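Place chain B on chain A using the hints.
So you can see what is in the structure, the chains are spelled out below.
Number of protein chains: 2
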Amino acid sequence: MVSDSSRRGGQIAGFENTANEDGSNGPGRILGGTGLSRRQLLLLVGQAGGFAAVNAVFGALTRGAAAAELPMVPLEGARRVSVAILGAGIAGLCAAYELEALGFDVVLIESSSRLGGRNWTVRGGTEIREFDSSQRCGFDPGLYFNLGPARIPGHHSTVLGYCRTFAIPLEVKVNESRMAFCRDAAIRGGRPVREMQVAADIRGYIAELAAKGIAGRSAELGLNDDERERLVGLVRAFGDLGDDDRFTGSIRARRLGTGVLDAALADEPIELGELINSKLWQVPTLFTEMPDQAATMLQPVGGMDRIVAGFAGTVRGPVRSRVAVERIRHDESGVELGLLELCSGARSTLHADYCIDAIPFPLHRRIDHDYSAPVREAIDAMTAHRFFKVALQMGSRFWEERYGIYGGITWSDDDITQIWYPSEGFQSAKGVVLAAYCWNDEVSARWEGLSPTERLEKAVVEGERIHPEYRAEAENGISISWAKVPNLQGCTFAWADDDVDRFCDRVRAGDGRVYFAGDQVSHLPGWQEGAMQSALRAVSAISTRVRSGA
Amino acid sequence: MVSDSSRRGGQIAGFENTANEDGSNGPGRILGGTGLSRRQLLLLVGQAGGFAAVNAVFGALTRGAAAAELPMVPLEGARRVSVAILGAGIAGLCAAYELEALGFDVVLIESSSRLGGRNWTVRGGTEIREFDSSQRCGFDPGLYFNLGPARIPGHHSTVLGYCRTFAIPLEVKVNESRMAFCRDAAIRGGRPVREMQVAADIRGYIAELAAKGIAGRSAELGLNDDERERLVGLVRAFGDLGDDDRFTGSIRARRLGTGVLDAALADEPIELGELINSKLWQVPTLFTEMPDQAATMLQPVGGMDRIVAGFAGTVRGPVRSRVAVERIRHDESGVELGLLELCSGARSTLHADYCIDAIPFPLHRRIDHDYSAPVREAIDAMTAHRFFKVALQMGSRFWEERYGIYGGITWSDDDITQIWYPSEGFQSAKGVVLAAYCWNDEVSARWEGLSPTERLEKAVVEGERIHPEYRAEAENGISISWAKVPNLQGCTFAWADDDVDRFCDRVRAGDGRVYFAGDQVSHLPGWQEGAMQSALRAVSAISTRVRSGA
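The listed protein sequences correspond, in order, to chains A and B.
Everything in the first sequence is counted per our numbering, starting at 2 for the first residue and increasing by one.
Everything in the second sequence is counted per our numbering, starting at 2 for the first residue and increasing by one.
Calculated from the structure, these hints are not laboratory results.
All of these numbers come straight from a predicted model, not from anything done at the bench.
In this text, a Cβ means the ideal position worked out from N, Cα and C, and glycines have one as well.
Zero decoy hints are in this set.
Restricting the straight-line Cα-Cα distance to at most 20 Å, the calculated cross-link-like pairs of lysine to aspartate or glutamate (DMTMM-like) are:
{"no.": "1", "chain 1": "A", "residue 1": "K280", "chain 2": "B", "residue 2": "D226"}
{"no.": "2", "chain 1": "B", "residue 1": "K459", "chain 2": "B", "residue 2": "E443"}
{"no.": "3", "chain 1": "A", "residue 1": "K280", "chain 2": "B", "residue 2": "E230"}
{"no.": "4", "chain 1": "A", "residue 1": "K431", "chain 2": "A", "residue 2": "D141"}
{"no.": "5", "chain 1": "A", "residue 1": "K431", "chain 2": "A", "residue 2": "E172"}
{"no.": "6", "chain 1": "A", "residue 1": "K485", "chain 2": "A", "residue 2": "E128"}
{"no.": "7", "chain 1": "B", "residue 1": "K485", "chain 2": "B", "residue 2": "E449"}
{"no.": "8", "chain 1": "B", "residue 1": "K485", "chain 2": "B", "residue 2": "E128"}
{"no.": "9", "chain 1": "A", "residue 1": "K459", "chain 2": "A", "residue 2": "E476"}
{"no.": "10", "chain 1": "B", "residue 1": "K280", "chain 2": "A", "residue 2": "E228"}
{"no.": "11", "chain 1": "A", "residue 1": "K280", "chain 2": "B", "residue 2": "E228"}
{"no.": "12", "chain 1": "B", "residue 1": "K280", "chain 2": "A", "residue 2": "D226"}
{"no.": "13", "chain 1": "B", "residue 1": "K431", "chain 2": "A", "residue 2": "E172"}
{"no.": "14", "chain 1": "B", "residue 1": "K459", "chain 2": "B", "residue 2": "E449"}
{"no.": "15", "chain 1": "A", "residue 1": "K459", "chain 2": "A", "residue 2": "E131"}
{"no.": "16", "chain 1": "A", "residue 1": "K280", "chain 2": "B", "residue 2": "D227"}
{"no.": "17", "chain 1": "B", "residue 1": "K280", "chain 2": "B", "residue 2": "D414"}
{"no.": "18", "chain 1": "B", "residue 1": "K280", "chain 2": "A", "residue 2": "D227"}
{"no.": "19", "chain 1": "A", "residue 1": "K459", "chain 2": "A", "residue 2": "D442"}
{"no.": "20", "chain 1": "A", "residue 1": "K431", "chain 2": "B", "residue 2": "E172"}
{"no.": "21", "chain 1": "B", "residue 1": "K280", "chain 2": "A", "residue 2": "E230"}
Which stretches of chain B does chain A cover? Using the computed rule of at least three CB atoms under 8 Å from a CB of chain A, they are:
{"no.": "22", "stretch": "422 to 429"}
{"no.": "23", "stretch": "500 to 513"}
Derived contacts from chain B toward chain A, CB cut-off under 7 Å, selection only:
{"no.": "24", "residue": "R231"}
{"no.": "25", "residue": "L232"}
{"no.": "26", "residue": "R255"}
{"no.": "27", "residue": "L257"}
{"no.": "28", "residue": "G405"}
{"no.": "29", "residue": "G408"}
{"no.": "30", "residue": "Q534"}
For reference, chain A alone in the conformation it holds in the complex:
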């Protein structure tokens, strides 16, 4: 996936603004047959794609200030400006793409052999290497699994803008199916119940409490009789209460199989006490209320790495993969990077006018950098979360045919926490389910301590408690514990909630000629939208500064 720098004809050496045969500046590769210099092509690309993308992206942000900040005219004049980008994840790729569109020269430094960072789609044959294990994905042709980001909310206009730019087809990512299950030892002795049941019952009980809250309080609520009557109607409808304001079950939690040829029957409601004592009461009623998880969620057809491919197919600057950054020095004239070729062990120095540092902050502990004390404090304060995923290829899509579940999420109080049913390939022969995933570092640590084989077994054992057909249907599987992936050593890098505001602002202002990017410097850690918007902000800052001659 990554173009090795050696195959790029040693352009790194010429990165610092050397003149080329065609009179242009920069690496100056003549493109076969077109007669266009690289720079001329860049300008064309910029005008045709890059600027439009930048424009669409910033236009869609509803952040007028940012849009005004970003100069839309490419650099002119004799001197070209170079930017070294550290980390070829989504932020680095996005920055490279937009900087090139603006006429900058770009070099991408990536310590792994892949582009995309956590945006990683595995297919049959993909290798996953952790510190102490290696797995080879055994999926059948056509099946895939997104190890990292897997969903795009409709308001993540930057990500969706690039999907439009790169003509990446989108389909719905089903983030909730009311047919999916909730399983909690506290509810009905651990027997899985449909999400529609939990949702209907919680609404019913809360509405019943609300009806009590209205009783005798018309004056306090400032309502006249008519309004009070409407409010009572609203509350009754909300919870499906009886005329006596009691909740005794709802056909919204319909007993499946009823309601077509015969009247719909409600299942007995779950006892309020059971709901209160379960870990799961909130999931079906809260999860998709969060704007970043609310319908409509989308996914690229064929895998999230279509976005990586979109950038990778357009970025012209050199990508130096398997190269670690060991040292960062910067002053008023530029940035000097000490690099280590991981394969050969060779060391080299790279100079650039500016730098965008999108390396996970926790990994800066092993980098000798000269960032200012306030920036260092922010970097050192960041936590690397340890999220994981387990995926299983199933021999049939039994969840569709037998349970009527088309996409969506089953929630469990076991360590698997979630089962995601695939949103693609409905009613096809096979499918890959996400068999375990959560955002709890303690639970993650338990999965991390297992070998890949043990993880699959654990996922099957806990999944069987919901779908007895799990063991018979599971054909193969893979897992990732991001904390054990050498170039990342974590998944979702974030400050404590109380620190986000001050550290985010501090770090985003940059340090001399270095700017910072990645979802880590946004209020949306773990989301590509945060990575891209942070990258655009850094691009905007550099571009503004260069143009103003600072």
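Just chain B, lined up with the frame of chain A:
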């Protein structure tokens, strides 16, 4: 689409069990080249597809009794049994398919020139004829619109089972987008608000009332201190209340554009008084709580009429289109039907051993039938609802690019009531929106009184109140008022709620050798699942009876 009976070689005349050259019974057409008689082929088809389908369908119903009822072995012996099916909508087609699979001879009588009934997908060139108007659909190639049924819930296992049988690809029908709008004159002076706002605010206010309902009621609620504390936590989380149990707005109704590079900001909540006085308070909080509207909803890729095509491509019996049923007589030996060829005006009589009547009951007023008094009472008691739809082809998908809306429904207090954004073709060039649709007969009557041109204008005027780009983007459109479509004269035929139980049971028992089908004789009027399950029930009744020699 419909095979004219004349092109079927006059098989109707031989419908009543005549012997054929090949020694088999029935219409006995030799299929070119295969050497298989029609009957032999039926048996093959039955074994390969039909039975499997029946089995899968009934197995999935979770209605063991029904499954046991249906004989799975084809008819044997010399005598073939004929069934006349009145109405080639989904119920009629489904019954024909399954009866043929069981070895019956089938003739389908359809008064229109189309198969599928209300399952009707229009594309460029489709003609829509109402009593007093005719429209020709002007959609660009590739665009389509489902005039009738447009969504399939995950638990409608019969419909989904046939999609599997016919290998019809499915995709998600987005039935709710929290990015879509609600527009009500009572809320913020008619300024559209995002659905996420209405949903978050209603939950907030109800939770606030519930918190009041808990206060001081621990004993009454039967909770100990620990449980009371958990319940308070549940209620606060449910509504996003502050520690003082007050609702003052939620970032679940996030101000869009915040929450990525900066902290998320909540919009000011809508006043409780405004919500109470609006017509729309319930929509975002109730609609998708109903099991038949809850996620995951599905649609066939390319149009709902793929299901019609699936049946039509398999049914072998004659289909007599443009033929009206004028008279129905039945006794212990069979059924006699008086038919009128609508094109030629020719009258004829058809005899069959059994009949499945799937004609909308309100249309029986113009049929001279001899059904028993109790059945006649039920038939006469049914109401024809008058639903309509309006669709507009838009020159760009501005709702996606400008508003972040990918599928889902905007709700309005104007007569348009709903705007559905297409669930297919995300980010493609154009799209067809459902521009008006409701289930209110009074509102429907207003649309019905307009010419097709006036309907489009009304849809644009009311749609502009939500999307100012409506007029500029609308390229063409079509509409249907089902009450004015000659062969149906309504959409959704149903009894009053109080009558459903008794009438449904009464009619489904059949009348002599006549059985009744259609969503009208189910508890799910307006849904294909009701149509199909009623058809399977009728097939089962006939098959059981024939086998038992009754």
